Amino acid sequence: MRYLPKSESDREVMLRQIGAKSIDDLFAAIPPEYRLKGDLKIPRAYAESEIVEFFRDCATGSAQGYATFLGAGAYSHYRPVVIDSLVSRGEFFTAYTPYQPEIAQGTLQSIFEFQTMICELTGMDVANASMYDGSTGAAEALMMAARLTGRHKSVVASSVHPEYREVITTYARYQGMPISTVAYSKNGRVDLSALEKGIDNETAGVLVQSPNFFGAIEDVAAIADLVHKKGALLIVSIAEAVSLGIVKPPVEADIVSMEAQSFGVPLGFGGPYCGVMATHDKFVRQMPGRLVGQTLDRNGKRGFVLTLSTREQHIRREKATSNICTNQALVALMCSIFMTVYGREGLKDLAKQNLAKAHYAAGEFKKAGATLLFEGAPRFNEFVIQTKTDSYAINDKLLGQRIIGGFPLKKFYPDLGNASLWCCTETTAKASIDAAAKQVAL
Amino acid sequence: MNKKIRKVTTHISQNEVLLFERSSAGKKAYELPPLDVPEVDPAKLLGAQARQDLGHMPEVSEVEIIRHFTRLSTWNYAVDHGMYPLGSCTMKYNPRVNEAVARLTGLAEAHPYQPERISQGALRILKMLSEQLIEITGMDAITLQPAAGAHGELTGILLVRAYLESLGNPRKKVLIPDSAHGTNPATAAMAGYAVENLKSNAAGMVDIASLVAQVNEDVAALMLTNPNTLGVFEQEIHKIAEVLHAKGALLYMDGANMNALVGKTRPGDFGVDVMHLNLHKTFSTPHGGGGPGSGPVACKKILEPFLPSPVVVTKPDGTLGFDYNRPQSLGRVRMFYGNFGMHIRALAYIMANGPDGLRQTTEDAVLNANYIRKGLEGAYDLPYKTPTMHEVVFSDHIQSQKGIKTGDIAKRLIDYGFHPYTVSFPLVVHGAIMIEPTESESKESCDMFIEAMKDIAEEVEEHPEFVLEAPHNTRISRLDETMAARKPILRWKPQSEAVGK
Ligand SMILES: Cc1ncc(COP(=O)(O)O)c(C=O)c1O
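Chains as they are written, first to last, in my numbering: chain A, 1 to 442; chain B, 1 to 501.
Looking at chain B on its own, in the form it has when it is part of the complex (with noise of 0.2 Å):
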C-alpha cells in the first residue's frame, strides 16, 4: 500500500509550462457564428498575397487558456497583495471603480473618429479632466495626448523647443541633475538637445551656484524633478526658475513624484512652465505590468498656441468638439486623443477624492515616507539627511562592508512577504535602497516592513551567505541574467528548430 503513494514534488500549478507546450492540432477555443454573406476564396481574392499557414501559433481549449493565465497570474506579486514600495514608481492603490467605468460599453466600444454628436460623453471627460489637472498643476492649458511619462515629457521639451524656435532660436543643450531618471536625458536626445549635466549639492539640492554658471543662451530649459528622485523637495525652486527665466530658458517639471504635491502646493504656482503627470502613479490607473500609463503635459500661457493639435473646445452651438486649426501646434505625438481609457480611471481617482481626500492622500503619502525613514534610521544609512517629502532613499553602505547589496537586501525583502523597493536608482546614491510606501499601506504594514528590514539587517551581520542566496520562498531562485543577455533566446520554437540553431 505504502509504495503506492508517491511523494508530490511540486503542484501542477507552479509547473505551467508555455502555451505553445500545450498546444495541439485540433483543440480549439472559439466558435464564429454562420456567415451571413456568400464564402470567398481566398486564393482568388488575395492572389500571391494570400497566406499558407500560421506556423506554431497555439490550439488550446477555452479552460487551458484560463488555467494557463491564472496560474501564471499566480506567479506575480501585486499591489493586490500587499506593499510594493518601488521607489519613483507610487505603486499605490487602484480602485475597482476606475475598472467599472472604464469598461462601460459606451465609452469601451466607442470608435475615435465616431460623430463628435455621439461622443459629447467622451469629451466631457476629457474636458473634465483637464480642467481638473490644470487645477491641480496650478498650470493653464493641458494636453491629454502622451501615453506615458516619458512620451509626456517628449511632447513637454517639444512644446518649449516649438516656443523658443517662434522666437527665433531653439538653443542647444537641456539641463539635468545627476540624480534625474534615465528617461529624462533620453528624451532631451530625442528632441535634438545636448545634454548637461547638473551637479546636486550635499543636501540632494540643485546647486544654485553651479545653476547660474551652467545657464546661458543656449540652454533651453532644464528638466527637475520635484520633489527630485530622493525624495527632496528643490527649496529653491523659485530661484532655480528665476535664474533660468532670466536667461530665456524654460523650467520642465518632470511630475513623476507629485504625490508628493497635490493639494498641497502647485508647481504652477512655484516657477514651474512646463510639466508632464503620470497619471498612472499619482492617480491610481493601474500599472498592469508595465503599462499602459498616459502622460499629460499641462504648461503656462505661452506654450499653449504649441500643444498638440487636436484640443477639446466648447463650440459656438454649446456642444464639444475637437479643433484641430492649430498653426502654431508642435505637430501630433500619438494618433488619436491618447490613452482615453486611462482618462476614465484618472478622473473617476479625482472624482472620489475630492478637494479633502486629494490632499489628505498626500498626506498619508508623506507621513509613511517618514515613519519608515525614523523606522531605519541607525539600520541602514542615510546618504542624504535633507527632509524627506514621499519617498526615502537609504543606501546598502552598512550592508556592503559584508558584502551585501542592495539588490540582495530587496531579494531577501521578497521571503518576508513584500515587493522590494527600488534598486537601481538614483545614480548619485551608491547601492540606492529607494523606498516609495505611498498612502495605501496602513501604519500595520508599514510596522511589518520596518521590522523586515531590521530583521534582513541583523541577517547581513549574522548568516550573510543567507540573504545572498535569497528568495528562498520563490518558485524559482536568483535568475540567471548574464546568460540571458549573453546568448538571447526572445521567443519561443519547436525542439527541432531550437536545437538546429
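Chain A with its partners taken away, still in its complex shape (with noise of 0.2 Å):
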C-alpha cells in the first residue's frame, strides 16, 4: 500500500520487540466472534490513475461550460488562483488546531487576521475563528441569545434562507426554545408590524437575513430599534458576504451570524464552507467556537494563542457554550486570502459589478415581459421574478443553452407561484443575461 510506509521485515522487527508472534496478537482485545473473518465488501485497491480518472468521469457534464444563476445560499464568484496555491501549503492544510501556539503561529496569526476583518467588515468588536457553516451558525447565534437574556422564545423572518430556518428548527427544539416565524411584507423585506407583535417579554432573540433570502436588503436599523425596545437581541444573519463590499453593515445587530463562501471558496456541491459569528465585546464570553488572541512569549515577542476557552466543550462539558471543535479552519484561510486579494478597494469595486449586473439583468428580464417582485426594496446581487410559464420548464431550455436558471421558489415558498431567484455576480456574462431574458418572457 503505497501510504504505508513500512516493510515486511519492518513488521516482523516491530512485533518481535513488542513481544507479539503475529498481528493478531495485538487484536486480542477484540472478542473473537466479532473479527471480521474475510475482507471488507468494498472494491479493490485502485491505482492513483484510475481514482482520477473515476473522478473525472463523475466531474463531467457537470458545472463546466455552463453559465449560472443560481444564488440562494451559495454563490458564484471568481477565485483568485493564489487562494489555492496558498492553502495547498501543506503547512496550512495538513496542520490541526493550534493547540502548541509556539508552533502553530501561521495557523494563529492568520485566524487573528480573519478575525480582524470580520470585524472591519461586519462592524462587530469581535468575531471568532469559524463555525460550520451559515445554517448551523445561525442556530447557535439563536441559543447565544437565549443564554445572554435568559429568555426562552425566539423569531425569525421567512424571509430567512429555508434550510438555515430547517437547521434551526432541529436545534431549537429540544431547547426548549419555541421559534415562531415572522412573515415579509410586499417589498421582500420583513413586515415590520408582524415583527413587532411577534417579540413578547420572552424573546430572546430575532433573526433576519441581509439581503434576505429573496435578495431584499433589510432595514436592520429600524427592525434593531423593534427588537432592542422589547429587551431582546438582534441576529443578522449574512449569506452573501460580498455584500458587505457596498451594503452598510449590520452595526446595530448584536450578533452577526455570517456564510462567508462568497469570499473564495468553492461551490463544491454545498461545502465545506466557512460560518463565522461577530458580536460585540460584552457578549464574548457567550459566543460559541474558538478565538485567537493576542500575547507575548517569555521574551516580550508578541505571539497569538487560542483564548478565553473556558466557553469551551474541552473544558466546559456540558456546561459549554456549544458542542463545537472541529471548525472550518482552511475555509477560513481561504476567505482571509479573498479578503486581502481585494482589499479595501476591491472588495467595494467587487460588489459594485455585482450590482451592476444583477439590476442590468432585472431590467431586461422585466422589459422581456417577467413581472419582477418586491420591486421597493434595495437589493443586492439577487432578485425575484414571476413568470406566466413553470420555473422549471423556463430552465429546462435554458439549460439546452448551457445556462442553468434562477431558483424556483416554489419548492420553499408554494403561495409564490411561478416565481423564481436569480442571481448575477461579476461572473455573469451580459450575453447569458440577454440569453436568459428571451426565455423568460414566454
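One should not assume that every hint holds.
[What the hints assert, rightly or not] Here are the simulated PhoX-like cross-link-like pairs (lysine-lysine), alpha carbons at most 25 Å apart as the crow flies: (1) A:LYS366 / B:LYS44; (2) B:LYS493 / A:LYS282; (3) A:LYS367 / A:LYS438; (4) A:LYS41 / B:LYS301; (5) A:LYS430 / A:LYS348; (6) A:LYS352 / B:LYS27; (7) B:LYS315 / A:LYS411; (8) B:LYS239 / A:LYS37; (9) B:LYS454 / B:LYS374; (10) A:LYS41 / B:LYS300; (11) B:LYS172 / B:LYS199; (12) B:LYS300 / B:LYS247; (13) A:LYS186 / A:LYS411; (14) B:LYS405 / B:LYS374; (15) A:LYS186 / B:LYS44; (16) A:LYS197 / A:LYS186; (17) B:LYS127 / A:LYS411; (18) A:LYS282 / B:LYS487; (19) B:LYS27 / A:LYS348; (20) A:LYS197 / A:LYS230; (21) A:LYS282 / A:LYS230; (22) B:LYS300 / B:LYS315; (23) A:LYS352 / B:LYS28; (24) B:LYS44 / A:LYS430; (25) B:LYS454 / B:LYS402.
For the record, the hints were derived by calculation from the structure and aren't laboratory data.
For clarity, every value in this text was computed on a predicted model and none was experimentally measured.
Taking the hints as your guide, dock the two standalone chains into a single complex.
Below, the structure written as C-alpha cells:
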C-alpha cells in the first residue's frame, strides 16, 4: 500500500520487539466472534491513475461550461488563483488546531487576521475563528441570545434561507426554544408590524437575513429599534458576504452570523463552507467557537494563542456554549486570502459589479415581460421574477443553451407560484443575461 | 570596512507583520474585467443602505500576499513535516490525489441547487461513499450531512431522541464515561439530555456492574468511544449493548477511534446502534489547521426513518436524486448535503486502499502504538496496563516528582522536531501523555520518537529547569496564555485606536 512506510521485515522486527507472535496478538482484545473473517466488501485498491479517471468521469457534464444564475445561499464568484496555491501548502492544510502555539503561529496569526477583517466588515467588536456554516451558525446565535437574555423564545423571519430555518428548527426543538416565524411584506422585507407583534417579553433573539433570501436588503436599523425596545437581541445573518463591500454593515445588530462562502470558497456542491459569528465585546463570553488572542512570549515578542477557552466543550463539557470542536479553519484561510486580494478598494469594486449586473438583468427581464417581485426594496445581486410559464420549464429550455436558470421558489414558497430567484455576480456575462431574458418572457 | 557589516538579528521571514501593518493606500492585488453592462450609482440604488467605507481592510499587492502567507505557513508544524502524534486526532498522511480530484472543475464548481440531471457524478460520489462506509461500519444506513465529529454526535443523539419519541418517551439522560471527549457531554446537553457520568473500572473500561446499576427507563443512550480514549478496546462491548437494550436504551459509539478497527471488526456487528465517523481522522481528509471535517452518522435499520433529509436515492428511471419526502426525519442539521469536498477525499482514500490496504492500515496503526508503548515503558508511567490499540496513554507521574508536567515534556518534544502528543485529555489520567502515532510513521520515525522521549525523561532527572524553559529552538518561546485571557486582544486595531482603549 503506497501510503504505508513499512516493509514486511520492519513489521516483523517491530512485532518481535513488542513480544507479539503475530499481528493478531495485538487485536486479541476484540472478542473473536466480532473479528472480521474475510475482506470488507468494497472494491479492490485502485491505482492513482484510476482514481483520477473515476473522479474525472464524475466531474464530466457537471457545472463546467455552464453559465449560472443560481445563488440562494451559495454564490459563484471568481476565485483568485493565489488562494489555492497558498492553502495547498502542506504547512497549512496538514496541520491541526493550534494547540501548541509555538509551532502554530502561522495558523494562529492568520486566524487573528481573519477575525479582524470580519470585524471590520461587519462592524462588530469580535469575531470567532469560524463555525461550520451559515445555517448552524444562525442556530447557535439564537441559542447564544437565549443564554444572554435568560429568555427562551425566538423569532425568525420567513425571508431567512429556508434551509437555515430547517436547521434552526432541528437545533431549537430540544433546547426548549419555541420558534415563531414572521412574514415578509409586499416589498420582500420583514413585515415590521408583524414583527413588532411577534416579539414579547420572553423573546430572546430575533433573526433576520440581509440581503434576505429574496435578495432584499433589510432595514436593520429599524428592526433593531423594535427588537431592542422589547429587550430582545437582534441577530443578522449574512449569506452573501460580498454584499458587505457596498451594503451598510449591520452595526445595530447584537450578533452577526455570516456564511463567508462568497469569499473565495468553491461552490463544491454545498460544502465545505465557512460560518463565522461576530458580536460586541460585552457578549464574547457567551459566543461559541474558537477565538485567537494576542499575547507575548517570554522575551516580550508578540504572538497569538487560542484563548477564552473556558467557554468551550473541552473545558466546560455539558455546560459549554456549544459542542463545536473541529471548525472550518482552512476555509476561513481561503476567505482571508480572498479578502486580502480584494482589500479595502477591491471589495467595493467587486460588489459594485455585482450590483450593476443584477440591476441590468432585472431590467432586461422586466423589459422582456417578466414581473419583478418585491421591487420596493433595495437589493444587492439577487432578484425575484414571476413568469407565466413554470420556472422549471424555463430552466429546462435554458439548460439546453448551457445556462442554469434561477432558483424556482416553489420548492420553499408554494404561495409564490412561478416565482424564481436569480443571481448575477461579476462572473455573469451580459450575453448570458440577454439569452436568459428571451426565455423568461415566455 | 568591518564597521559597515552589521549583525543580522533575525531573518525577515521570521518577522512577518500583520497584514494591516503591511497595508498602505493605493496598493492592490486585483483587477476586475471591464464591466459589460451599464455602470450604476450605488448611492442611488441602495440609498441609506449604501456603505461608505471599508475601514481598515488591508491594501497590499499580490507578491506581498504570497510572501505573507508563505512566511506564516513556515511557522507551522504539520503532518508533512513529520510525526504528529496528537492522541485522538489521527494525524495521518493526507494523500495528494485527494486534493487533486476534489479540485476538478465539475465538482468544485457544482452548485448545490443545480439540476440533478447535471449532478449525477456528484450524487454517485455521495452514494458510493455512503455504501462503502456502511460496509466498513457494519451498519444499515447513513447520513453524510454532519460537518464534523461533534456535529455527527448531535445528529446521532437526535436520531436516538427521535426514535424514542416515536415510541412515546424520549427519556431524560445520556450516560457518558468519565474518559469521554468533551464534545460528548456538550452534545448530550444540546440534544436536551441530562448527562450522567459513568465511572471506568481499574482496567480503564466501562464497569459493567455500575452500568447495570445506572441503566434504567430514564436512560436514552450510552455514548461510548471504542476503543476508548485510553486506546483500550471495550472487551465487553456486547454485554454493554445487551444491558442497554434490555432497558430500551441505545448504544451510541463515538467513532473518533475507528482507525483502530477498520477492516478488523465492525461496530454494527458488536451491538452499536448509531455512531459517527470522523472523515478527517480515519479517512485521511486534511485537518486544515482546525477544519473542515466531516462527521457522517451510520445507524441501524430502526433509526433509518429518522435520518436527516434529504437522502440520495435511485429513481425509477435509474438516475440518482435527492429524496426530501421523509416524514419521520429529525430534520436538517446543515444546509445542503454536508462537506462534500471531504466526501470526495474520503472516497478517494478508500479507493486507494481497497480492503487489503484498509486492513493493513489499521494493523500498522496498532503496531506503531504498541511499539511506542513497549519503547517507553519504564521511562514513563503507564496508568492502565490493559492492551493498547491505536493509541497509548502514559502519564507524567514520574516526571512530576521533579516538577515537570506533561505540558513541559510536550514543549521539549518540539525541540526534538516532533509535534507533541495530546496533553489535556483524557481527564481520567492525571497528567496524560496521549500518543497516537498513526500508520503513517515508519519504524525509524517511531524509533526517533522513542529516543526523544527517553532523552527528555533523562533531562527531567538531570536538568529539569531546561525542560521547563522549552521550547528552545522555536521562533517564539512559551506564550503568556493567562495574559491573553485576562485582557483579551481579539483583533488588530490601529495604534491610535488601540492606545485610546
Ligand atoms: C474522542 C473524540 N470524540 C469527538 C471528537 C470531536 O470531533 P470533531 O473535532 O470532528 O468535532 C474528537 C475530536 O477531537 C475526539 O477526539
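Which earlier hints can't be squared with this structure? none
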